[in-house]
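Novice: Take a look at the letters that make up each chain.
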Amino acid sequence: MLRRGGLSGGPSDLLSARRRGSVRLAAAVAAAITALAVLGRSSDPASKPLPASVTVGAAIALTGNANLYGQDQRMGLALAQQWLSSTAQPRPMRLQLEDGASDEPSAIAAFNLLIRRGVIALIGPTLSQQAFAADPIAQRQGVPVVAPSNTAQGIPQIGSFISRVSAQSSVIAPLSLDEALERDPEISRVAVFFAQDDAYSTAETAIFQKALAQRGLTPVSVQRTQLADNDFQNPITAALQQKPQLVVISAQAVDGGNLIRQLRELGYRGQIVVGNGLNTPNIYPICQRWCDGVLIAQAYSPDLNTPINQTFRRLFQEANGNSTPGQITAQAWTAYQVLFEALQRLQERGGLDGVTLGEARRRLMQELLAGTYDTPLGPIHFRPDGEVVQGRFYVAVVTMEANGRDGRFRLVRSIDVNTAAGGPTP
Amino acid sequence: MSAALLQILLNGAASGGVYALVALGYTLIFSVLGVINFAQGALFSLGGYFTFLLMGGRIGVNGALPGWHLPVALPFWMALLLAAIGAGVVALLVERVAFAPLRRRGADPLLSLITSLGAGVVLVNLLQILMGAEGYAFPSGSAALAGLPEALFIGGARIRTVQVVLLLISALAVAALTLWLERSRTGQAMRAVAEDPTAARLMGINSGAIVRLAFLLSGMLAGLGGGLTGLSVSLAGPYFGISFGLKGLAVLVLGGLGSVPGAIAGGLLMGLAEALIPSEASGWRDALAFAVLFAVLVLRPSGLLGRRLMEKV
Chain A
1 MLRRGGLSGG
11 PSDLLSARRR
21 GSVRLAAAVA
31 AAITALAVLG
41 RSSDPASKPL
51 PASVTVGAAI
61 ALTGNANLYG
71 QDQRMGLALA
81 QQWLSSTAQP
91 RPMRLQLEDG
101 ASDEPSAIAA
111 FNLLIRRGVI
121 ALIGPTLSQQ
131 AFAADPIAQR
141 QGVPVVAPSN
151 TAQGIPQIGS
161 FISRVSAQSS
171 VIAPLSLDEA
181 LERDPEISRV
191 AVFFAQDDAY
201 STAETAIFQK
211 ALAQRGLTPV
221 SVQRTQLADN
231 DFQNPITAAL
241 QQKPQLVVIS
251 AQAVDGGNLI
261 RQLRELGYRG
271 QIVVGNGLNT
281 PNIYPICQRW
291 CDGVLIAQAY
301 SPDLNTPINQ
311 TFRRLFQEAN
321 GNSTPGQITA
331 QAWTAYQVLF
341 EALQRLQERG
351 GLDGVTLGEA
361 RRRLMQELLA
371 GTYDTPLGPI
381 HFRPDGEVVQ
391 GRFYVAVVTM
401 EANGRDGRFR
411 LVRSIDVNTA
421 AGGPTP
Chain B
427 MSAALLQILL
437 NGAASGGVYA
447 LVALGYTLIF
457 SVLGVINFAQ
467 GALFSLGGYF
477 TFLLMGGRIG
487 VNGALPGWHL
497 PVALPFWMAL
507 LLAAIGAGVV
517 ALLVERVAFA
527 PLRRRGADPL
537 LSLITSLGAG
547 VVLVNLLQIL
557 MGAEGYAFPS
567 GSAALAGLPE
577 ALFIGGARIR
587 TVQVVLLLIS
597 ALAVAALTLW
607 LERSRTGQAM
617 RAVAEDPTAA
627 RLMGINSGAI
637 VRLAFLLSGM
647 LAGLGGGLTG
657 LSVSLAGPYF
667 GISFGLKGLA
677 VLVLGGLGSV
687 PGAIAGGLLM
697 GLAEALIPSE
707 ASGWRDALAF
717 AVLFAVLVLR
727 PSGLLGRRLM
737 EKV
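Protein chains in written order, with my numbering: chain A, 1 to 426; chain B, 427 to 739.
Only chain A is shown next, with the shape it has when bound in the complex:
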């Protein structure tokens, strides 16, 4: 087809027509963006008035590799809800669970979903690796997060809306080393194993190795494993050639449990210290009788004789037969409890009257950090940066029943970190 000729169709006219077209297009795009921004703002739950009944969202691992921890957390949250349902609630609080699975994209998706649904605060995610990915989203949108099980360094430092009730590994992990060294002061050869594809385990092994160095011990063997490994013949035989007297493991429940079993089967008879990833009764069926004697530092002890821990233990036993609760369940309970108590305090002071959800989130975060809490973990409060301050930690030894399938974390030492005084528990 030919173009129309004539004066009006000259090149300069074509140029100006194109310019006009570009200006119109730019204007249309700008208008669309503005409209979207306005619509988006008006549909943002943070700009709406706080509802009479508020919802806390929990994004925990109900599927995937970390599912074992997630199930413990679900139990802790359910028990805390059960316990608090009988107390006065000036501002009713509901819990909405969302599967954060065991990977970063799922945790991000769960956080986004819960924030869009207008939760006042979030509990989760289960893994530290997920927290580094998902917490910045909550931080950008001003939603308070209480991490129930993230122990890696730097979690509360993600932002002013991020806190945790799980004391970081650097505080807890070295305590079990002290117990092992007290049991055998002659220890000089240490082998270290860690899951190199897990952010938590790599962070924890750095803490363990630093603590070993502070105690004058250099590992004679450092073996790197992977979370999906199940056959540890190669790293174990390599480590055993160095004749270690103490083995220190940073791994998760299934791979770590398998590693312990194979260590024992291959003839290692020395002490074993494990990190927080194995801090769950779920290791019992994996390493069975070979778990016996494993040392672990904990932020929770079922043997703590306080009224709230007795209540927690009783409710747990009613729900789970005669078994005793683990640290992860206790920390999940605690996460729910601190949010509940902060919210009710704020409500009683009138701090939530006539405010938007966004403002309520901000005030709740301030209130959360300002309070002190009597929890199954013992009394806790928060540092201004959201880090938990817990006065007492524990060292337990895994003690298996004669059938080799059931066991318990038997308390052998409690340590008051404020006074740095430690000793066998009465």
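The reader is advised that the hints may include incorrect statements.
Derived Cβ-Cβ restraints for the label pairs, each shown as a range [stated by the list, open to error]:
id : chain 1 : residue 1 : chain 2 : residue 2 : range
1  : A       : T202      : B       : V548      : 27 to 37 Å
2  : B       : S669      : A       : R289      : 37 to 47 Å
3  : A       : R289      : B       : V548      : 33 to 43 Å
4  : A       : R24       : B       : A717      : 49 to 59 Å
5  : B       : T587      : A       : E401      : 21 to 31 Å
6  : A       : S22       : B       : A717      : 32 to 42 Å
7  : A       : A31       : B       : V724      : 56 to 66 Å
8  : B       : P727      : A       : E401      : 33 to 43 Å
9  : A       : R269      : B       : T612      : 32 to 42 Å
Simulated coverage check for chain B against chain A, where a stretch passes if three residues somewhere in it have a Cβ under 8 Å from a Cβ of chain A [as the list claims (entries may be wrong)]:
id : segment
10 : 492-505
11 : 625-635
12 : 684-691
Simulated from the structure, these hints should not be mistaken for lab results.
A virtual CB, placed ideally from N, CA and C, is assigned to each residue, including glycine.
Keeping the supplied structure of chain A fixed, place chain B upon it in accordance with the hints.
Specialist: Showing chain B alone in chain A's frame:
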């Protein structure tokens, strides 16, 4: 031989034996149908879980029926045998659902890669729904090796007894299968179908029955591998067979597609390659194992013991 070298050989043989077992399952189907059954890894998992349940194991709290268990508690060896048969029967189902319809329609064999992959994903997901994602150890699993020491010390090297048993049973299964393929009438019929399906059919061999037999046997091999591995290292969730399945696939290619001796040699070589990798580089273990595969294929495209394919003109 130095103790360190012996240790590496033992470590390599222990894992290589299982890889060979899985690769043999692939080999049987590939040689008969010219396709790869991607559900092999899922059948491996299934064999482990069947053994667990037949030994009286209980479903954990995350499963669909927490605490449920079979009303039997068989000794390990009987449970293993029945579990292998069970995995074989499921493999037959996979053949019915994922392979037979495509074969009947004369579809491109490549399509069966996808259908078998789908069947594998469905099986693993079913396992996860029914059994939960937690790890399981066999109830009184150690009783299977009662009276034996937990580890054997050979010339300064050490190996867990269960792994020696695993290696011996793998070798036994491989030898029995090889003998059966060579000597028995049905084995010869299977080789005939693998060689030339049309000629085999003209000679009166029921190729449909041979295909089903190949699936049954390959499923049984996977089930056997899963049950034995479960005894050795527990069941680390429903996906634990998938990594063995992938490794078996690499071994199949390494040894030479469709070659039984190649599957054995490939399995042992893969196991040895992994055992040679020091701990500092263990993050590269899978990458290095596949680099060995790549290097062998560059030098010898038909695999270690595979035959060069001649194009008929």
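Novice: Please go over all the hints and tell whether each is borne out by the structure.
Specialist: Cross-check of the supplied hints:
1. Our hint of 27 to 37 Å for A:T202 and B:V548 holds, since their Cβ atoms are close to 35 Å apart.
2. A hinted range of 37 to 47 Å is violated for the C-beta pair B:S669 and A:R289, which are about 27 Å apart.
3. Hint check: A:R289 to B:V548, Cβ distance near 36 Å, so the stated range 33 to 43 Å holds.
4. The given range of 49 to 59 Å is respected by A:R24 and B:A717, whose C-beta atoms sit roughly 57 Å from each other.
5. Checking the proposed 21 to 31 Å range against B:T587 and A:E401 shows it holds: the Cβ atoms sit about 25 Å from each other.
6. Against the hinted window of 32 to 42 Å, the Cβ-Cβ separation of A:S22 and B:A717 comes to about 53 Å, which falls outside the hint.
7. For the hinted restraint 56 to 66 Å between A:A31 and B:V724, the CB-CB distance of approximately 59 Å keeps it satisfied.
8. As the Cβ distance of B:P727 to A:E401 is approximately 57 Å, the hint placing it in 33 to 43 Å is violated.
9. Separated by about 51 Å at the C-beta atoms, A:R269 and B:T612 break the suggested range of 32 to 42 Å.
10. Residues of the segment 492-505 of chain B lying with their CB closer than 8 Å to a CB of chain A number 0, which falls below the three-residue condition for coverage.
11. Residue count for the segment 625-635 of chain B with a Cβ under 8 Å from a Cβ of chain A: 0. That is fewer than the three needed, and the coverage hint is violated.
12. Check result for the segment 684-691 of chain B against chain A: violated, 0 residues qualifying (beta carbon to beta carbon below 8 Å, three or more required).
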